[in-house]
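These protein sequences, in sequence, are chains A and B.
Quick note on the working numbering: the first sequence kicks off at 1 and runs consecutively.
Quick note on the working numbering: the second sequence kicks off at 267 and runs consecutively.
In short, the hints are calculated from the structure, not lab data.
A couple of the hints might just be wrong.
As a list, the in silico DSSO-like pairs of lysine-lysine whose alpha-carbon atoms are at most 30 Å apart [to be verified]:
| id | chain 1 | residue 1 | chain 2 | residue 2 |
| --- | --- | --- | --- | --- |
| 1 | A | K120 | B | K305 |
| 2 | A | K191 | B | K619 |
| 3 | A | K198 | A | K133 |
| 4 | A | K72 | A | K133 |
| 5 | A | K48 | A | K72 |
| 6 | A | K72 | B | K619 |
| 7 | A | K34 | A | K120 |
| 8 | A | K48 | A | K191 |
| 9 | A | K34 | A | K72 |
Derived DEER-like restraints, expressed as beta-carbon distance ranges [what the hints assert, rightly or not]:
| id | chain 1 | residue 1 | chain 2 | residue 2 | range |
| --- | --- | --- | --- | --- | --- |
| 10 | A | D102 | B | A373 | 23 to 31 Å |
| 11 | A | D219 | B | R589 | 54 to 62 Å |
| 12 | A | G251 | B | P585 | 57 to 65 Å |
| 13 | A | V10 | B | L343 | 53 to 61 Å |
| 14 | A | V10 | B | L425 | 53 to 61 Å |
| 15 | A | G157 | B | D627 | 14 to 22 Å |
| 16 | B | T363 | A | R83 | 43 to 51 Å |
Treat the numbers as computed from the prediction; the structure is a model and nothing was measured.
For glycine and all other residues, C-beta sits at the position ideal for the given N, C-alpha and C.
These are the residues of each chain, in order.
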Amino acid sequence: MLQIANEDIVRAEAQNLRESPFAIRGLTVSYGQKPAVFSVDATVEAGKMTAIVGPNGAGKSTMLKAALGIIKPLSGQVTHMGRPVADEMDRIAYVPQRASVDWDFPVRVIDVVLMGLFRKTGLLGRLSGADRKHAMACLERVGMTDFATRQIGQLSGGQQQRVFLARALAQDADLYLLDEPFAGVDAATEKAIIAVLKSLRAEGRTVVAVHHDLSTVPDYFDNVLLLNVRKIAEGPVATTFTDENLGAAYGGRLATARIDPAAVAG
Amino acid sequence: MFFQALLFQLGYNATLVTFGATLLGIAAGVTGSFLFFRKRALVSDAISHATLPGVALAFIVMVALGFDGRNLPGLLLGSAISAALGLFAVQWLSSRTRLTEDAAIGAVLSVFFGFGIVLLTVIQTMSSGRQAGLEGFLLGSTAGMLYADALLIAGGGALALILVAIFRRPMMMASFDPEFARSSGINLDRTDLIMMGLVMGVTVIGLKIVGLILIVALLIIPPVAARFWSDRADRVVVIAGALGGLSAWIGASASAVAPNLPTGPIIVLTAFAIFTASMLFAPARGLLISAIQHRNFQRGVHIRQGLVSLAQGQPIYEPMTIRLLRAEGLARADGVPTPDGVARASRVLRDEKRWETARADPALEMAAARYDGLTQIEDVLTSDQIDELDARIGGPREVTP
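Excised from the complex, chain A in its bound form (with noise of 0.2 Å):
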C-alpha cells in the first residue's frame, strides 16, 4: 500500500510554489524516444537571479522551452506563483537564441522592441505616443538608442543580444528567462547586459538565464541550477556552485570547461 504523504511536507511544498515565480515539477521532454530532460523538479526562488549551467547537450534551452510551451513536453507542470505558466505568460518575459531568427528580416531595430508591446495592443490596438516612449527607454536601458531606426542586419552580434532584451524590458515582466544571453557577445554587451539584469533584480524581479561560461557564475548570480539532462542540484552559489557537483554535471567534460570558458561558450 502507498504510504499516504505528510501533512507538513504536502503544506510546504504548497507554500514553495505559491512563492516561486517559476516552479518546474517533473518536467520530461524527448525528442524521439531519447530524453533531453528527464524528470527535472526546480523552484526558482522570487528576486534572484539564478544560472542554469550544464554540458552541451545537458537540454538547458531545452527545458526553458518547454517550461514555456514553446516546444510540447512529454510530462511535467510548470507554476508562477502557484499558477499554471500558461495561464501567466504576461508576467514572463523570455528571450530567445540570439542565433533562432534571421537577422535579415526586414525590421527596424525599434520595430522590434515594439514586438515585445504585442500583448498589450493584442490584434488591432494601434501604438500610442506613450508606447514609442517606453520602447526608446528599453533601448536607453541597453545603450542602443543610436540605432533604433536602423535596420536589424547592420548590427553586431552583441548588439543585437541587446535589442532582444530591449523587447523583454518592453514587456515590463515580473521574471526573464534568458537563453544564453551571453553568447558570443562583445565585452562590452556582457557588462551592459549584466547591469540591465542586476537592476531587474534590483527592482524586485527575478532573472533565470542559461548561462555557459562557468567563471563568471559567482560574480553574475545568485543562484545555479546545474543540469545534465537530469537535474544534478540547485541552490545558492556559495553551497552548489561546488567541484563536486560540477563534477557530476560535465563529468570528464570539466577540465575543457574550467580551463577555457570561451571554447565552452563557443
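Dock chain B against chain A, hints included.
Chain B in isolation, oriented as in the chain A frame:
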C-alpha cells in the same frame, strides 16, 4: 484599344473583370508577403496544384446532379476542398513523418496535379460536352467570365485584405521570431492556419483569372520585388500589394483586348518585368546602385591604402592603386607622391591613428561602429572629442614621404 482597356473604357463587363483582377493582384501581393516572410513560399505551389482534382470533381458532381458544370462558385468550392486536403497532407507529412516540408510539397503537388489531369481526361470522354471551360483553370482566362464571377473574385480579394489587416501582427511576429511569438501568447499553429487559409482563399479566387499553374507567381513575385524597395516589413507588404495589383491590372487589360491570350501568363510576365526592374534599379538595394557603390568603395579603399603607404614611405605594388593615385594627381607614375599627395597622406595617417584610438575606447563604441575604413573621423566625432583623442595619441605627428 489596350489603353482603353487600361482606363476601364471597354464596356461594363470588361471593366468589372479588370477591377476584380486588380483586387485579386493586391490581395495576392499582400498575402504572399507574409508567406515570403515566413519562408514558406512554396507551400502555395502545393496548394494551387492541389485545387485541380477539386475543380474536376466538382464539375462531374454538378453535371451528374443535372446542373451547369461550369458554375464558378461550385467549381471554386470543389477546388477549396481539395486544396485544403492538399495543405493538410503537406502539414501532416512534414510534422508527423521524417519528411521535410519541401519533400512533402513535391509529393503532394505532383500527386494531386496528376490526379486532376486524369479527371480532366475522364471529363473529356463524358457526353455532356460542355467541359471546354475547365482548361481555363490551368492558365487562366477571362473570356466568357460572368458579371457574378467577377464580383465573387473582387469580393474575395477584399475579404482577404481585411483579414490580413486584422491578423498582420501575429503573422509578422510568428515570421520573425516564432519562439518569442509563442511566449507572447500567439498560437503559432492557429496563426499558420490563418496564413495558409488566406493563401488558399487567394489561390481559389485567382484560379479563373491567373490559373492554378501560375497563381504561385502572383503570390511570390510581388513581395520579392517589393523587398528591393524597402527594409521595413510593413512597407514591403504595401508595395507588394501595389505591384501585384499593377501586374494583374495590366494583364487583365491585355486579355480584354485579345481574348485568346491566356490571362495568367500575361499577368506573370508583367510581374516579372516589374521584378527585373526592381532588382536592377531600386534605390539603395538594387543591383545597379550596389555595383556603383561597390566600385566607389573599392576606389576609396585603394586611394586610402595608397595614401597610408605613401605616408609611411612604403612602396606600392598594386597597379590599380597607382593608377588611381595618378588619376587623382596624388602620385607620379613611378610611385613618388606629389606635394598634394604628401599633404593628403599625412592627413589620412592622422585620421587612421585617431580611429585606432577611438575604436579601442569602449566609451566611443557607437561612433566606432561607423568605422568602415573610409569615413573621416571628423564626420563622426565632435572637435572636442577629437582633441581629446589627439591628446592621447600625442598630437599629430610629422610624416616623411
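Hints, verified against the model:
1. The hinted pair formed by A:K120 and B:K305 meets the criterion: a straight-line CA distance of about 27 Å does not exceed 30 Å.
2. About 27 Å separates the Cα atoms of A:K191 and B:K619, which keeps this hinted pair within 30 Å; it holds.
3. For the proposed pair A:K198 and A:K133, the alpha carbon gap of about 23 Å is at most 30 Å, so the pair holds.
4. Distance check on the hinted pair: A:K72 and A:K133 sit about 36 Å apart at the alpha-carbon level, beyond 30 Å; violated.
5. For a cut-off of 30 Å, the pair hint linking A:K48 to A:K72 stands: about 27 Å separates their Cα positions.
6. With a C-alpha separation of about 55 Å, the suggested pair A:K72 and B:K619 falls outside the 30 Å cut-off, and the hint is violated.
7. Restraint check: the Cα-Cα separation between A:K34 and A:K120 comes to about 39 Å, which exceeds 30 Å; the hinted pair is violated.
8. Proximity of A:K48 to A:K191 is assessed by CA-CA distance (about 18 Å); at most 30 Å being required, the pair is judged to hold.
9. Between A:K34 and A:K72 the CA atoms are separated by roughly 15 Å; this keeps the pair inside 30 Å, and the hint holds.
10. Range check, A:D102 to B:A373: about 27 Å between beta-carbon atoms, so the 23 to 31 Å window is met.
11. The hint said 54 to 62 Å for the Cβ distance between A:D219 and B:R589, and at roughly 55 Å that hint holds.
12. One distance hint, 57 to 65 Å for the beta-carbon pair A:G251 and B:P585, holds here, with the actual separation near 59 Å.
13. Between A:V10 and B:L343 the beta carbons are some 58 Å apart, a value that agrees with the proposed interval 53 to 61 Å.
14. Checked against the hint of 53 to 61 Å, the pair A:V10 and B:L425 passes, with Cβ atoms roughly 55 Å apart.
15. Take A:G157 and B:D627: their Cβ atoms lie about 20 Å apart, and the range 14 to 22 Å holds.
16. Separation of B:T363 from A:R83 is about 37 Å and departs from the stated range, judged on CB atoms against 43 to 51 Å.
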